[in-house]
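Throw the hints in and build the complete structure from the sequences for me.
Now for the letters of each chain:
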Amino acid sequence: MAELSNQLMGITVLAYLLAMVFYAAEYAFGARSHIGRAAARPARQLVGAGAPTDDISDESPAVAAEPKRDRGELLGTIAVGLTWLAFALHLGTVVTRGIAADRMPWGNMYEYILTVGLVGSAVWLGVLTRWPGIRHLGLFATLALTVLLGADGLIAYAPVGPLVPALNSYWFIIHVSSIILASGILLIGGVPAAMFLIRTGYDQGKRRFPYALGAKVPAAAALERLTFRLHAFGFPLFTFGALIAGPLWAEASWGRYWGWDPKEVWAFISFVVYAAYLHARATPSVKRTTATWIALLGFVTMLMNLFGVNLFFTGLHSYANAGGM
Amino acid sequence: MRTALVLLFLWAVAAIPGSVWPQRPVSPERVTQYFREHPDLAPKLDTLGAFDVYSSAWFAAIYLLLFTSLVGCVAPRLRDHIRALRTVPPDAPRRMDRLPQHAAGEERTDAPAEAAQLAAKALRGERFRTKIREHADGSWTVSAEKGFLKETGNLLFHAAMLTVLLGVGFGYWYGWHGNRILVEGQDQAFCNSVTQYDESSLGPRVQPSDLPFFCLRLDDFAATYQDSGQAKSFAAKVELQTKQDGPWAPKEFSVNSPLRLSQGNIYPLGHGYAMVLRYTDRYGVSQTKVVPFLPRDGMFTSEGVAQFPDINIDPKTNKRDVKLQLGFEGVFLPTVDPNGGASSIFPAENDPVLFLTAYRGDLGVEVGLPQSVYSLNQDQIDNGALKKISGDRPQRLTPGQTMTLDDGTKLEFVGTREFATISVRYDPAQPYVLGGAVVGLLGLMLSLSGHRRRMWFRITPREGSGSLVEAGGLPRSDYPGFTDEFGRLVGAARGPEEGTP
Ligand code: HEM
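Line by line, the protein sequences give chains A and B.
Take 0 as the starting number for the first sequence in numbering that gives the first Met the number 0 and just add one per residue.
Take 0 as the starting number for the second sequence in numbering that gives the first Met the number 0 and just add one per residue.
Just so you know, these hints were derived from the structure itself, not from any lab.
Hints are all accurate, no fakes.
If you want a taste of the chain A side facing chain B, the calculated C-beta under 7 Å gives, among others:
hint	residue
1	231
2	243
3	252
4	259
5	261
6	312
For glycine and all other residues, C-beta sits at the position ideal for the given N, C-alpha and C.
Laid out in structure tokens, this is it:
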């Protein structure tokens, strides 16, 4: 079973990678790409090829506007299909890992990140189903997932093992599952946040990399709203997982509910940074782009907690080093 | 709000050093190690509070400013909010077509008063606070407002943050904790007092005499392991006495399920092995010591010392000769490596071996300096006052074996007992902190999910009979779904009579 899980993991990464390639192909050859558009409607569109296109809204399915099925739509559909396939494989990886270990598959850093990725993927597919027009962001979502899982497999891999006693608690399930869910949502929240910044830059006439990508993403306001929604959903969940369930468990296990262990420090930092994002967004005198930069900063602090803290610092959280009590 | 933003940022940044440099309250050993490795840098960092960031003055300054600003922010908002809750929704603006949402006048057959009642009823059905007004020109207006829970939630959240901060502060002032090693056995009982802890700290408002009475002894400590040596479970069977000379009651605790007392809880932090050593001196007098050895790796290779200062006392003179004191340095391997490795290969006692080095001479324990009980006084060894008397290689002993020293005296390795490292903690404010956090979360969810909005209807009489109904809506927070809601409300307020809005 453990073997199967490892193989599925490999295939999952490949599937995300393949989905990414198809999204990229859609960018390059789709009807909305410069090349695609030039082919479809030569003269007039070529002139305005770089201009922001107003018809791209997140509510209208991207393809409905196009009268005939073009290569781009086909590629995009394949990409979405592949993302679903990758998600199914990903789910299989997590489930087989859990069966192999005979417990919830969140016992060490490798499994933890694996499951965070799964949640991120599920959230992404949920968003995609609700707002199909946002499909073009798939390139970034699958890129993020490929990198996350690739790094997980390469850096954090650990063979199947039992839980250290401290993790053997029902608070383990509550604390870790809520944080995994929240991390997945907040990490995916970084995708529209980055796209919003790119799109705003593009709308202001910037054409350098990465702003050129802004040509094909949904309208800035829609991206900004999606960013907020994901954060407004993920933030309370994170608060619950990291600042309520975590301390409850820490109290039972270590005798203190908060002890500034490096993982606690970084969860606190993420909390404060995301609180700053929500503040900034609610402050009229602060620009939306500034607020969104803060959300991205929150994204960085989450990554720091996922990878950095486990690798650079030693603490009580035993995901990284499974020895001791 | 900008101030709050800046301070929030500062707070996040100020928290970072505490994860970079070792912190005294978390890992004092690593702080000592850092001082050893960076003798120049460490003292400078220390003056900046880098080794105890979270109780440093500058960290406190940031959050105190932040919370001051919070009070300054929330108090007026609370006042405004209470006022808003008590005042009726304002009358409709004159130009409703300037509102973000507007529905032009629609004709109805019923009189303005009835149409107004119908609209108000529909709004109330949607839990809007509504107010109907009749105007001198014969027109009627219906004002409605909804979404006060958003602001309530926001205020609740910020107030809860304050509660949490105060709770943490009170817990620090009135709480205390102590750590110690508790070895198995009736003879190793310990009672709750500052002097009996290896390490303890009392809050500024706690006196040593405030500690509640209880005594504890460890009957049995059991650990189980996976084949890999990774721990599977720990459980401690103890007996607890809560009244002076009262009865001893059997209790248990393990990882994740502490022993909860009325004031303070007992948590297991770690465990290890204590050596039971019996020394028989030149006069045939024997002394037994139980000395905990500290594990140095996950397989419980453990190190420690046994010191016998009060031995070889001549029964004739009743004088002690400090030159005849004995010290033993040892390494204990619960499962010795058959290939001769220096470390244990499994944490349980499958094949226990103790390696001992004996020293004789002045142990230097009376100088009055605080001394580690886990190592011999290195100065005494360096200056020759304490000499190694066993050979070059440590003596290997299994339980029950005896080593004979050069003067014919004997040391018997009687066996081992397990010990648990326990932490006793009392934090009286814990329930308030938890309550604050839970209320805060509820407030946060209300605040993030709610939308404050206003609706108005103006109903003017038509020539002859019937009326004209105009509607306007104002979302008071970012609320993309308002258009839909507005359409629905306008439809509902106009009643079934008109068909589709
Ligand atoms: C401990 C420090 C603080 C934390 C963790 C914090 C956190 C938050 C969070 C997470 C929100 C967004 C959720 C909501 O809308 O209620 C928020 C909103 C808000 N905060 Fe704070 N805050 C803090 C301090 C302050 C201070 C000092 C002020 C006053 C300047 C303040 C004023 C506000 C206001 C006015 C909102 C509502 C914005 C709106 O939706 O209209 N907060 N705060």
